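Protein chains: 4
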Amino acid sequence: MNFASDNIVGGSAPVLQAILDANAGTMTAYGNDEISKRVRARFDEIFEREVSVFFVATGTAANALALSAAVPPYGLCVCHREAHIIDDECGAPEFFMHGAKLAGLPGIGAKLKPEDIDAYLRSLPKAVKQMPPKALSISQVSECGMVYGLDEIESFGQVCREHGMAFHMDGARFVNALVSLGCSPAEMTWKRGVDILSFGATKNGGLMAEAIVVFRPDLAESLGYRSKRAGQIISKGRLIAAQFEGYFGNDHWLDNARHANRMAQTLSEGLVRLPGVRLAWPREANEVFPIIPKTLDGALKAAGIHYNPWTELSLPETERVADHEILIRLVTSWATREDDVQRLLQAASSGASREAAE
Amino acid sequence: MNFASDNIVGGSAPVLQAILDANAGTMTAYGNDEISKRVRARFDEIFEREVSVFFVATGTAANALALSAAVPPYGLCVCHREAHIIDDECGAPEFFMHGAKLAGLPGIGAKLKPEDIDAYLRSLPKAVKQMPPKALSISQVSECGMVYGLDEIESFGQVCREHGMAFHMDGARFVNALVSLGCSPAEMTWKRGVDILSFGATKNGGLMAEAIVVFRPDLAESLGYRSKRAGQIISKGRLIAAQFEGYFGNDHWLDNARHANRMAQTLSEGLVRLPGVRLAWPREANEVFPIIPKTLDGALKAAGIHYNPWTELSLPETERVADHEILIRLVTSWATREDDVQRLLQAASSGASREAAE
Amino acid sequence: MNFASDNIVGGSAPVLQAILDANAGTMTAYGNDEISKRVRARFDEIFEREVSVFFVATGTAANALALSAAVPPYGLCVCHREAHIIDDECGAPEFFMHGAKLAGLPGIGAKLKPEDIDAYLRSLPKAVKQMPPKALSISQVSECGMVYGLDEIESFGQVCREHGMAFHMDGARFVNALVSLGCSPAEMTWKRGVDILSFGATKNGGLMAEAIVVFRPDLAESLGYRSKRAGQIISKGRLIAAQFEGYFGNDHWLDNARHANRMAQTLSEGLVRLPGVRLAWPREANEVFPIIPKTLDGALKAAGIHYNPWTELSLPETERVADHEILIRLVTSWATREDDVQRLLQAASSGASREAAE
Amino acid sequence: MNFASDNIVGGSAPVLQAILDANAGTMTAYGNDEISKRVRARFDEIFEREVSVFFVATGTAANALALSAAVPPYGLCVCHREAHIIDDECGAPEFFMHGAKLAGLPGIGAKLKPEDIDAYLRSLPKAVKQMPPKALSISQVSECGMVYGLDEIESFGQVCREHGMAFHMDGARFVNALVSLGCSPAEMTWKRGVDILSFGATKNGGLMAEAIVVFRPDLAESLGYRSKRAGQIISKGRLIAAQFEGYFGNDHWLDNARHANRMAQTLSEGLVRLPGVRLAWPREANEVFPIIPKTLDGALKAAGIHYNPWTELSLPETERVADHEILIRLVTSWATREDDVQRLLQAASSGASREAAE
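Listed in order, the protein sequences are those of chains A, B, C and D. Numbering-wise (numbering that gives the first Met the number 0), the first sequence opens with residue 0 and increments by one. Numbering-wise (numbering that gives the first Met the number 0), the second sequence opens with residue 0 and increments by one. Numbering-wise (numbering that gives the first Met the number 0), the third sequence opens with residue 0 and increments by one. Numbering-wise (numbering that gives the first Met the number 0), the fourth sequence opens with residue 0 and increments by one.
If you are wondering where the hints come from, they were derived from the structure by calculation, not from laboratory data. In this text the structure is predicted, and so the values were computed from the model without any measurement. A hint or two may mislead.
[As the list claims (entries may be wrong)] Here are some chain D residues pointing at chain C (derived, C-beta under 8 Å):
#1 Ser51
#2 Val55
#3 Ala56
#4 Arg228
Glycine included, C-beta positions come from ideal geometry on N, C-alpha and C.
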């Protein structure tokens with residue numbers, strides 16, 4: 000059983016079927032095919048307005064390209080200090096932004112606070128030696144599995160407008176947040192001030208399906224060129240477009256995310272009942288971050304369950320991981336079976352009992 | 000009927016089947032899966048030595064990343080002035096090489112001559128104002144459908160060694176050249192001095208399958224990092240690896256290329272029999288570049304045949320396209336049917352007869 | 000005697016004196032001192048309007064920074080194929096523009112023609128694979144010593160406006176052109192459509208005095224940051240500002256240029272009287288490009304006169320350099336003495352006579 | 000009186016005289032003149048071995064260019080989180096390194112500890128998502144005026160060798176540290192493992208005199224090209240070279256630094272005698288960082304004394320600045336007069352007495 004991430008499985012059945020269906024016949028290359036056009040129109044519907052959509056191969060490219068449209072080479076992009084764009088992309092944002100800098104701020108649960116950003120921005124010297132702030136990037140879901148509320152997003156939007164910054168959302172787990180909040184895509188994005196979005200589908204049923212969705216037309220102007228020069232406009236564009244068609248059909252994307260979140264909820268509820276187990280941060284989407292006894296960690300691994308330890312960098316001030324404990328991350332997905340979750344909980348339960356007996 | 004390019008069709012049946020077969024089960028992400036490992040070993044076999052392989056999403060990325068490993072930001076990369084890397088990638092090489100420059104030299108049939116390169120290199124001033132030459136990039140097949148012979152490749156290798164340059168081959172149509180020469184992949188590359196290769200499969204049966212193959216270990220050192228920061232390491236790496244597995248199985252890749260070349264040969268032979276039609280350059284792989292009367296061009300278009308005009312930049316000195324003529328490019332692929340070719344030739348023949356009758 | 004370039008001498012007396020005068024006392028660093036402010040106001044007067052001025056250490060930096068403000072990393076900058084920015088700066092423009100490309104067009108005397116630029120721009124494919132043209136850069140004086148007329152500059156301005164491009168002028172020898180045309184700085188620049196100017200003083204009396212002068216306010220916005228991050232804002236800004244103060248005082252800059260041009264004129268007129276000597280291009284500023292017999296070349300060198308050979312790339316179509324001839328460049332400056340010119344002419348005359356005698 | 004920085008005065012008399020002396024006559028441009036050659040040889044003597052020297056216009060350029068020779072675009076450079084290269088150069092290092100990242104570590108007095116660096120490096124994940132560490136940069140003198148001892152430097156050298164990193168020293172105040180330690184330039188650099196040095200002279204008597212000194216020959220290979228493309232090779236190279244000639248003559252550079260340090264010592268000793276005044280960090284070179292009552296701050300300003308507040312980021316853990324206090328920086332230089340120091344101390348003393356009286 001593997002709870003290491005939500006990208007360790009293949010594509011869902013409807014996504015695969017869509018690839019097969021799209022394969023026949025000749026189509027214009029480089030994303031000018033009919034399916035790509037249909038899917039772009041579908042994005043307009045989903046976001047209840049005209050948007051610009053750019054298909055890319057990876058979430059890394061989606062984030063880095065999106066930021067490059069908003070931040071000039073001498074600019075600053077504010078984000079959480081544990082953000083994926085800072086820690087996990089080998090400097091992709093700096094590459095695509097041509098040397099612009101990421102300023103990482105602290106925050107519990109890998110969540111930023113609008114007032115912290117505002118204070119930080121006001122503290123910057125007004126001088127040419129200081130790279131001027133040009134964008135804010137938040138991760139929805141956060142790196143610690145937390146979901147920003149609509150009010151929070153709106154406050155970020157206000158901070159961005161006040162300081163003349165673009166507002167980017169890294170939506171690698173966009174839908175997991177969406178169904179968690181129970182709102183519409185429009186409400187979670189442009190209606191609250193988001194200017195540009197990395198819209199991930201790969202973790203939620205896609206095989207390789209990522210898109211940049213742009214709400215501020217001026218940010219879209221350069222992205223065709225930037226995508227091309229980044230080698231991100233794939234030759235047979237139907238491959239990505241078809242996946243999105245399968246993804247959006249019959250609410251498949253929403254169903255997948257609801258399932259993943261529900262599996263995480265079951266997991267979370269089961270774990271906290273065990274002695275010595277507590278959550279580092281509340282479970283809000285499809286990730287659970289329990290602090291568990293190291294003995295339990297050993298028992299789970301012995302049971303063949305895969306997952307990763309996590310950093311304590313964004314723990315609440317009142318929380319700490321003791322020497323005999325470990326903080327781990329468990330990720331569920333559209334492909335996680337109820338059965339897997341129960342087996343994990345049983346293994347955990349046995350481990351906990353055994354420990355108590357000793 | 001569409002002879003516009005070899006990227007207008009989907010993937011071949013074995014390639015699609017391989018994607019389906021690879022979809023089940025959990026696998027490590029980011030190209031560390033079992034299939035990727037198997038395929039890397041397969042590349043070693045195919046090239047009769049240990050090679051480093053990096054899977055990427057596009058030929059643009061393959062070329063630009065490969066060059067970035069060989070050329071420092073202040074360096075020069077010599078290529079043909081009509082090369083794909085100069086004309087068709089929105090500056091991707093310059094982006095990945097961080098501002099290094101492409102020096103485009105002339106040459107008939109979009110082929111470079113070793114002696115021209117040598118003369119050019121010797122003419123460069125020895126001064127810091129002159130960006131130092133660090134790589135040569137040739138396209139095998141060339142932009143005008145021509146294939147470099149093994150002796151020519153060997154001469155390029157010598158020029159590169161003498162001038163301390165890396166030798167890159169853009170192999171978007173690698174296999175078409177390979178079966179045209181009837182040699183082994185090793186003979187066409189590292190045994191003749193090639194250091195790094197863009198190995199394309201998308202045009203020859205893949206859906207999205209490109210790789211960088213590195214023969215000089217020092218050039219491979221940075222490519223993992225460079226790929227990651229370029230957003231080219233896809234999350235579910237099995238997608239590309241599986242395609243290569245299907246591609247290489249049962250000589251599928253060779254069969255596909257042989258078919259494409261044969262279709263081009265039939266097309267070529269049929270066309271030159273028509274009055275007023277001649278080839279701008281000999282047909283050597285899966286592309287035909289006839290100079291045809293504009294009347295015939297009209298007839299072909301009226302018959303619903305798609306193709307593109309081509310530039311006269313690399314015509315032989317003794318050749319020119321008259322005012323009543325046009326130079327076009329016809330591309331065949333693994334998916335081109337004999338029937339399509341015959342229908343094109345019939346349409347052309349009727350067009351030619353009709354013209355003669357008027 | 001040295002006619003190799005106009006940067007082989009030190010600074011003129013008024014420029015040196017200004018450096019000495021500015022040395023005493025404490026001043027705010029990084030260009031925020033009083034002298035810098037005064038000189039900026041002086042630039043406003045000289046150009047008869049408000050301009051933004053950025054002091055830099057080299058002409059290379061002036062050109063590259065100016066272009067970086069106008070051309071995004073995916074853009075194209077059109078210039079002459081023999082332009083200094085293409086040939087002589089080790090890729091500085093590509094570095095500062097983050098990989099944007101220079102498109103070099105041909106033209107006699109290293110001068111571009113507006114209609115050629117327009118035709119080139121119209122020939123570019125409208126597709127994301129094509130880097131979009133964002134700037135035109137001309138050299139006034141051109142690389143072959145020629146001066147663009149006001150009408151020509153105005154035509155370039157129109158082409159730029161039509162195609163949405165910024166218009167840059169490389170004015171390394173700005174004043175030499177200015178006094179040659181006998182017009183005002185405003186007339187030669189923004190009144191004819193120039194948006195941004197590299198204003199060189201180093202070749203005409205400065206020791207190290209270069210500036211970017213910006214006429215389109217939006218192009219100035221980023222230049223403070225760009226200069227700083229390029230290490231071009233010197234700590235003790237008074238050094239450059241003071242030189243400009245000395246330079247502009249008492250028409251010193253205009254006098255210097257007039258002298259240099261006059262020396263070139265004398266040289267030119269003397270040379271063409273010699274048998275076998277003709278000019279490759281008309282002498283219009285402070286450079287002379289004669290085609291001379293190789294025997295004469297030998298005689299001049301034997302007489303200890305330093306100069307450089309020049310490229311034949313931009314010769315008129317009807318002109319060619321025979322095997323027994325050589326094309327050379329002779330540069331005069333504010334420091335060239337009448338006496339030096341006469342000695343060169345005498346040496347040439349003797350050389351020519353001797354040859355005739357043999 | 001101005002204690003704001005050591006770059007608010009002009010050049011020293013010997014430096015100015017050297018500029019004047021070098022002005023006459025023709026010399027080869029771009030740093031190939033005789034003075035530049037002599038000064039390069041002088042650097043060899045000073046460092047007791049062959050070194051490569053590159054003259055640049057600013058300390059920003061020296062740092063950024065030096066790092067660009069050591070760190071590839073995908074690499075990491077470790078430094079103090081308060082380092083000048085992180086905070087004060089508008090992203091110059093990121094620009095010159097093409098997006099490579101600066102990792103800022105904490106440390107009291109803006110000094111790094113070798114063991115902290117080692118621990119940080121060992122904590123980095125071994126994966127392509129992690130930019131690999133390629134250089135360490137320390138500031139000698141540190142941003143808080145502290146001087147690394149020879150043992151500390153040696154330890155850094157060991158850490159660098161173990162982790163395959165280049166070792167850069169930002170020597171904006173190199174000589175102030177040198178005379179503080181009383182050792183030779185060789186001992187403070189390459190004999191302790193330093194690979195590349197930013198050698199600043201502007202703050203210590205130069206008008207604009209900065210150099211990169213390279214001890215590891217492979218790091219020097221690209222720097223000529225990199226300097227040229229950065230617009231850092233000034234046309235009349237004698238300007239910088241001459242300043243160094245004046246600077247090194249008659250131990251002028253050492254005398255200047257000794258004077259500046261002595262002035263700081265006097266200042267420091269005088270200040271700590273005042274009630275309510277203490278040093279945030281020990282005075283070790285030419286900067287004093289006292290924590291003073293805000294009333295005293297007001298008195299000093301009223302007396303017309305200029306200086307800047309400083310950040311508390313690198314205070315010792317046991318130290319804090321109370322609400323009624325302020326942390327300030329006072330900088331002395333070669334041009335600071337004993338008289339100025341006494342007047343500052345008198346003003347401070349009066350301010351302190353007046354406060355006590357109230």
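Tested hints:
1. Interface restraint check for D/Ser51: the shortest CB-CB distance to chain C comes to about 17 Å, outside 8 Å, so the restraint is violated.
2. Restraint check, D/Val55 versus chain C: the minimum CB separation of about 7 Å is within 8 Å; hint holds.
3. Checking D/Ala56 against chain C: minimum C-beta separation of about 4 Å stays under 8 Å; hint holds.
4. Annotation: interface hint on D/Arg228 holds; nearest CB of chain C at approximately 4 Å, less than 8 Å.
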